[in-house]
Structures are given as structure tokens and as C-alpha cells.
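Peer 1: The lines below spell out each chain.
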Amino acid sequence: MDLQTMTYLVVGATFALYIWIAIKARAGSTGEFYVAGKGVHPVLNGMATGADWMSAASFISMAGMIAFGGYDASVFLMGWTGGYCLLAMLLAPYLRKYGKFTVPAFIGDRYYSSTARVVAVICLITASLTYVIGQMKGIGVAFSRFLEMPYEYGLLVGMIIVFIYAVMGGMKGITYTQIAQYCVLIFAYTVPAVFISLQLTGNPVPQLGLGAQLNDGSNMFLLDKLNQVLVELGFNNYTSQHGSTLNIFLYTMTLMIGTAGLPHVITRFFTVPKVKDARSSVGWSLVFIALLYTTAPAVGAMARFNLLETIRPTSTAQAAQQTPTGQWLKVEERPVWFKNWEKTGLLKFEDKNGDGRIQYVGPDYKGAENEMVTVDRDIMVLANPEIAHLPNWVIALVAAGGIAAALSTAAGLLLAISSSISHDLLKGIVAKNMSDKGELMAGRIAMAGAIVVAGYFGLNPPGFAAQVVALAFGLAASSIFPALMMGIFVKRINKAGAIAGMLAGLSVTLVYIFWFKGWFFMPGTEMAKNVAENWLLGISPEAFGTIGALVNFAVAYAVSSITPPPPEHIQHLVEDIRVPGMVMR
Amino acid sequence: MSNDSQAYWQANIRLVLGCLAVWFLVSYGCGILLAPLLNSIHILGGYPLGFWFAQQGSIYSFVILVFFYAWRMNKLDKKFGVQED
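From first to last, the protein sequence lines are chains A and B. Quick note on the working numbering: the first sequence kicks off at 1 and runs consecutively. Quick note on the working numbering: the second sequence kicks off at 1 and runs consecutively.
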């Protein structure tokens with residue numbers, strides 16, 4: 001069977017599964033719509049969280065970022081997993097105990113202020129919406145590459161699928177669909193990795209294969225060989241650090257506290273029955289996430305290795321460098337996958353010296369110019385099975401996995417947006433005596449609206465789509481996380497302190513990002529060029545959320561200490577959420 | 001707050017601080033600050049140790065930490081009689 005038919009079959013089968021689940025798991029009440037009736041088993045919730053968390057970026061882009069960043073890309077691996085420790089120990093169990101439906105609801109109650117609640121809603125919608133746009137784009141790209149369908153149609157199909165199960169089932173439908181999507185995506189990610197690890201090292205476990213010897217007879221370790229080849233070709237050494245230590249440190253921290261502060265992740269732990277379950281469910285989420293996150297470094301390194309081996313001369317020793325026309329890949333001998341990806345524009349070469357061969361070398365290489373003008377990092381995962389000559393069904397599976405990752409994250413984010421509109425803004429502030437049925441309808445309409453808005457931006461992606469992801473983490477890290485953490489751990493923080501802290505943290509982070517990336521990302525409005533020399537102490541805009549969070553903590557503390565303490569019932573509320581059971585007074 | 005719930009909260013804080021110390025050590029310590037130093041040691045075959053902590057070891061440690069915390073907290077809940085139901 002040819003690849004395209006196979007892909008249609010596999011992707012079609014997964015869609016049929018998602019819709020079947022949606023029909024089985026319709027939401028009948030607001031409790032089911034917002035938090036799946038608080039009846040999800042902690043292990044299943046962990047799986048759903050895994051799918052919710054791992055987006056198109058994790059599935060498609062992360063291994064590519066590692067492949068080209070080497071050690072320095074560890075910030076994503078540590079940052080996007082370490083945040084779950086903070087979530088488990090500092091937030092999830094307490095917020096579950098509080099027992100409300102949304103994150104802004106907690107902030108509004110704890111700081112006895114509608115203003116605080118509205119500030120939280122604005123942070124939430126900005127962070128989530130920017131994220132959804134990226135997912136929509138991912139869906140469109142996956143469809144257009146694998147099903148050779150125009151981008152717009154692919155996007156439309158994706159929107160309809162999300163619409164069916166998210167609007168109908170709310171959190172309940174989304175949860176059970178996400179469980180299925182997790183299975184699809186983890187299978188799709190690990191199967192090619194196992195095959196490639198076997199081919200290169202003879203070890204079926206990619207996590208071990210990355211540290212193992214090559215089975216090409218050289219008995220060299222994969223990482224040693226990769227380092228050697230990269231350095232000989234004038235690239236950076238793979239396993240050692242190149243960026244500034246301070247920046248790597250703060251970048252990791254920003255991603256960690258940003259992860260713990262992202263509302264669509266926090267909300268997932270409102271769906272389990274008990275506080276005890278919230279604690280263990282974070283652990284299960286991390287297990288399911290770690291399966292992919294520990295495989296990704298192997299995929300990245302092995303894909304980079306395979307790519308280099310395809311193009312470079314069989315010997316890159318000093319002797320071969322002196323005669324660079326030696327054995328580089330001939331233009332007419334390019335493999336089929338190479339030509340396929342050229343069509344997408346993500347892979348491009350130019351025979352600059354006209355020798356009929358392709359030189360792929362780094363900036364430090366003497367004697368030849370780099371002729372691989374474009375090697376998009378996103379193709380590392382998608383092209384990997386083709387580079388390794390894996391069977392068609394594996395390639396079809398990767399397509400279905402990428403789409404599952406994008407769909408599941410989009411649905412989770414859309415729910416966070418719609419519930420903050422219908423529950424926090426409408427029911428909480430505008431129309432306090434709305435009936436349960438009316439609120440459920442409002443939630444569904446808000447969800448449909450959010451899908452249309454996200455789809456619109458997916459069709460007309462703003463030029464800054466990639467940069468706004470940094471904004472999402474910066475926002476969550478500098479505003480939402482500190483407000484939640486202090487709300488639980490520091491009784492003395494009052495309304496004035498929390499609002500001042502959130503606004504201070506938020507504006508410091510925003511100004512720093514806009515300073516280097518342009519006000520509201522408008523091109524030409526940046527105040528200084530976005531290069532390491534201009535950054536404050538060498539801190540990149542993406543890494544600045546940690547500083548914003550520190551400002552938030554400091555301002556909140558200072559303002560609270562010079563204004564009256566929170567009223568007694570708020571102090572009791574804090575005491576209540578600190579223990580899982582009933583409080584005796 | 002009664003004495004008992006104060007003692008419970010203090011025990012909780014101690015546990016969290018202990019866990020976060022390990023959390024910091026495996027990621028920011030071994031994975032970042034000490035990584036260049038640790039890279040001269042190789043484990044599991046060809047992994048430089050600092051690189052391994054940054055791309056593998058820290059993640060495994062996080063998983064263990066979260067379950068350890070959950071287990072100890074559940075014991076603490078029972079000890080102080082504050083568990084649900």
C-alpha cells in the first residue's frame with residue numbers, strides 16, 4: 001500500500017476513535033463540563049495531562065531543537081519536566097482541596113477581589129490563546145505534508161474534530177479523548193526511536209542507545225563519534241555547554257515556574273476525586289511525560305548523526321579536509337526523503353561551488369562553504385523514519401501522532417479559555433444568578449467562539465507566532481505562579497499586595513520581551529537588537545520570566561507589609577486549603 | 001490554628017524543602033552548575049555525567065521525587081488525622 005493511502009487510513013482511524021469517545025462521554029452539567037465531575041482516576045488523569053501538556057512543539061520541534069542545540073537544549077528537557085515537582089509540592093493538592101472550577105476563581109476568592117480575578121483571566125487568556133495558535137498551525141502543517149491536502153483544508157478538518165468533542169463533552173469528553181491521544185502519540189514517538197536505536201547501536205531502548213557503542217564495527221560510543229564528526233565539520237561540540245551559565249540557569253527556571261503556572265495544566269488536577277489523588281496524579285503525569293522527554297534526546301542526537309552521515313564524506317579526517325571535493329554526497333544521488341522535504345521548503349541546498357556535490361559544514365570549517373542553506377529543525381522528527389528507511393506504516397503513525405499531540409493540547413487550552421469566560425467573567429462577575437444550564441450553554445458558546453478565533457489566527461498566523469510562546473511562559477511565570485504560591489504559603493499577602501505584585505511582575509517581563517522583540521511584536525519597534533551583547537547580564541528575553549517572578553514576590557511582600565492584613569475569613573480559608581480533610585477549630 | 005495543624009504544616013514545609021533541595025541539586029546542580037566538571041566522568045557507557053543529568057538523570061529524579069513526596073504526605077496526613085474521610 002502506498003504511503004498516502006496508509007496515512008489516510010491511520011489518521012482516519014484515530015479520528016473515528018476520538019469522535020466515538022466524544023459521543024460516549026457527553027457532559028450533562030457544569031461540573032462535568034469544567035472538571036469532568038471530579039471523578040477521573042489519577043493514573044488516567046496523568047495520561048490525559050501528558051497529552052494535554054505535550055503539544056505539537058514537544059512532539060515535532062523539541063527533538064529538532066536538541067539535535068541542533070546539543071547540551072544547551074537541555075533547558076527544555078529540565079524546564080518542561082521540573083515544573084511538575086513545583087506543581088506537585090506547591091500548588092496542585094491545595095488548589096484541588098479548594099475545589100473550585102478555575103484558576104482565576106481561586107485568585108479572586110483568596111485575594112477577595114474581582115480585580116484580581118480579572119487580572120488573572122487576562123493573563124490566562126493571553127497565555128492560552130497564543131499557545132492555541134501554535135497548535136492550529138501544527139495541525140495544518142501535519143495535514144499538508146502527510147495527506148498532501150492544502151493547509152487551509154487541513155486546518156478546517158482539525159477545527160471540526162476539536163469542535164465536535166470539546167463542545168459536546170467539555171472537560172469530560174476532552175479527558176477521555178486525551179487518554180486515547182496520549183496512547184497514539186507515545187506509540188508514534190517511541191516506535192521509530194526504537195527502530196533507529198536498534199539500527200545504530202543494537203540497543204532497543206533509545207535512552208540506553210544514546211549512551212551505547214555504535215554497531216558499525218568502530219566500537220566508538222555514539223556520543224563520542226557525534227562530537228568528533230561535528231567538531232571536524234566545524235560545528236559545536238554536542239555534549240558541552242556553549243551559552244552563558246546564568247542564562248541557561250534562568251531559562252530553565254522560567255520554563256519550570258511557567259509550566260507550574262500554566263492554567264490548562266493546573267486545571268487538570270481539579271478533575272481527580274481527592275487531594276491524595278492530586279498528589280499522585282502529578283507523579284503519573286510526569287511518568288507519561290518522561291517517557292517522551294527521555295526519548296527525545298536520543299531521537300535528536302541520532303537524527304543529527306544520520307543526517308550528517310548521509311551527506312558527509314566517508315572520512316572527515318584531516319587528509320580529506322584538504323581535498324574537500326572528496327566524497328561529499330553527489331547532487332544526483334540525493335535520497336528520496338531528501339527530495340520529498342525539498343518540496344516543502346524545509347530542506348534546501350545550493351551547489352555554491354558548482355562541484356555537483358553537497359557540502360554540509362559548520363561556521364568554523366576552513367576550505368568549503370556550507371551548501372545546506374535550510375535545514376528546518378522541525379523535520380528531524382518527521383523525516384526521521386524516512387531517513388532510517390522505516391516501513392510506511394511507521395511514517396503514517398508519526399503523522400497521526402503529531403496531529404494527536406496538537407489536537408489534545410488545543411482542546412485543553414480551549415477549555416481553559418472558555419471556562420474562564422463563562423465561569424469567571426459571566427457567572428462570576430457579570431451575571432451572578434445564571435442557572436447551571438445557562439452557564440453550560442454559555443461555556444459551549446464560548447468554546448465554539450474560541451475555536452473560531454484560534455482557527456482564524458491559524459489561517460492568518462501573525463508573524464510573531466513563534467515568539468509569543470516565550471510570552472506565554474513569561475506571563476505564567478511572572479504573574480500566575482507567584483500569586484498562587486503566595487496565596488497558599490503566605491497568609492499575610494493581601495489584596496493590594498497580590499494585585500501590585502502581579503502587575504509589577506507582568507510589566508517587568510513584558511517590557512523586557514518587547515524591548516528586544518518590538519512593542520507588541522511589531523517589527524521595527526524594538527529598542528535594541530536582540531543579541532546577547534545587549535541583554536541585561538546576558539539574560540535572553542525568553543529567560544526573563546524568573547526575574548519577573550522575583551519582582552512579583554518582592555513587590556507583593558513589600559506592599560502587603562505596609563497595608564492591613566487580609567480579613568479573618570480569608571485567613572481561615574488559607575488554613576482550610578492547607579489540610580486535606582476537615583479543620584477543627 | 002490549633003497546635004496540631006501547626007505541627008502538621010511545619011512537617012509539610014520541612015518535607016517540601018527537603019524535596020526541593022534534591023530537585024535543585026539534580027537539575028541546577030548536577031545538570032547545569034557542576035555539569036562541565038562532571039562531564040569528565042562517563043556512565044552507562046558513553047554518557048558524560050553532566051550531560052546525562054541534564055538530559056536524562058534529572059527527569060528520572062523528578063519522577064521519583066514526586067512519588068516520594070506523595071507517599072510521605074499521605075503518611076503525614078494519617079499521622080495527624082487530617083486525611084479525607
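Check before you lean on any hint, since a few could be wrong.
[To be verified] Each computed EDC-like pair below joins lysine to aspartate or glutamate, with the alpha-carbon atoms no more than 20 angstroms apart: (1) Lys330(A) <-> Asp77(B); (2) Lys276(A) <-> Glu575(A); (3) Lys437(A) <-> Asp4(B); (4) Lys79(B) <-> Asp2(A); (5) Lys274(A) <-> Glu84(B); (6) Lys97(A) <-> Asp85(B); (7) Lys97(A) <-> Glu84(B); (8) Lys100(A) <-> Asp4(B); (9) Lys38(A) <-> Glu84(B); (10) Lys97(A) <-> Asp77(B); (11) Lys276(A) <-> Asp77(B); (12) Lys276(A) <-> Glu84(B); (13) Lys38(A) <-> Asp4(B); (14) Lys491(A) <-> Glu84(B); (15) Lys348(A) <-> Asp4(B); (16) Lys343(A) <-> Asp2(A); (17) Lys78(B) <-> Asp2(A); (18) Lys137(A) <-> Glu152(A).
Derived from the structure by calculation, the hints contain no laboratory data. Quantities reported herein were computed from a predicted structural model and do not represent experimental measurements.
Peer 1: Taking only the CA atoms, is the gap from Lys97(A) to Asp85(B) under or equal to 20 angstroms?
Peer 2: Given that 20 angstroms is the threshold and the Cα spacing comes to 13 angstroms, the pair holds.
Peer 1: Keeping to a limit of 20 angstroms between CA atoms, is the pair of Lys491(A) and Glu84(B) held or broken?
Peer 2: violated, 23 angstroms
Peer 1: Are the Cα atoms of Lys330(A) and Asp77(B) separated by 20 angstroms or less?
Peer 2: violated, 68 angstroms
Peer 1: Given the hint that Lys137(A) pairs with Glu152(A), does the C-alpha gap stay at or below 20 angstroms?
Peer 2: holds, 10 angstroms
Peer 1: For the pair we were handed, Lys79(B) and Asp2(A), check the Cα-Cα distance against 20 angstroms.
Peer 2: Status violated; Cα separation ~63 angstroms.
Peer 1: Taking only the CA atoms, is the gap from Lys38(A) to Glu84(B) under or equal to 20 angstroms?
Peer 2: Distance ~15 angstroms between Lys38(A) and Glu84(B) Cα, so the pair holds.
Peer 1: Compare the distance between the alpha carbons of Lys276(A) and Glu84(B) with 20 angstroms, and conclude whether the hinted pair is satisfied.
Peer 2: holds, 8 angstroms
Peer 1: Taking 20 angstroms as the top limit, are the C-alpha atoms of Lys97(A) and Asp77(B) close enough?
Peer 2: holds, 14 angstroms
Peer 1: Does the structure keep Lys274(A) and Glu84(B) at a Cα separation of 20 angstroms or less?
Peer 2: holds, 7 angstroms
Peer 1: Taken at face value, is the distance from the CA of Asp2(A) to the CA of Lys78(B) at most 20 angstroms?
Peer 2: Answer violated: Lys78(B) to Asp2(A) is near 60 angstroms, above 20 angstroms.
Peer 1: Do the alpha carbons of Lys100(A) and Asp4(B) lie within 20 angstroms of each other, as the hint requires?
Peer 2: Violated, because 27 angstroms separates the two Cα atoms, which is more than 20 angstroms.
Peer 1: Keeping to a limit of 20 angstroms between CA atoms, is the pair of Lys276(A) and Asp77(B) held or broken?
Peer 2: holds, 9 angstroms
The structure fails hints 1, 3, 4, 8, 13, 14, 15 and 17 (numbered hints given earlier, in ascending order).
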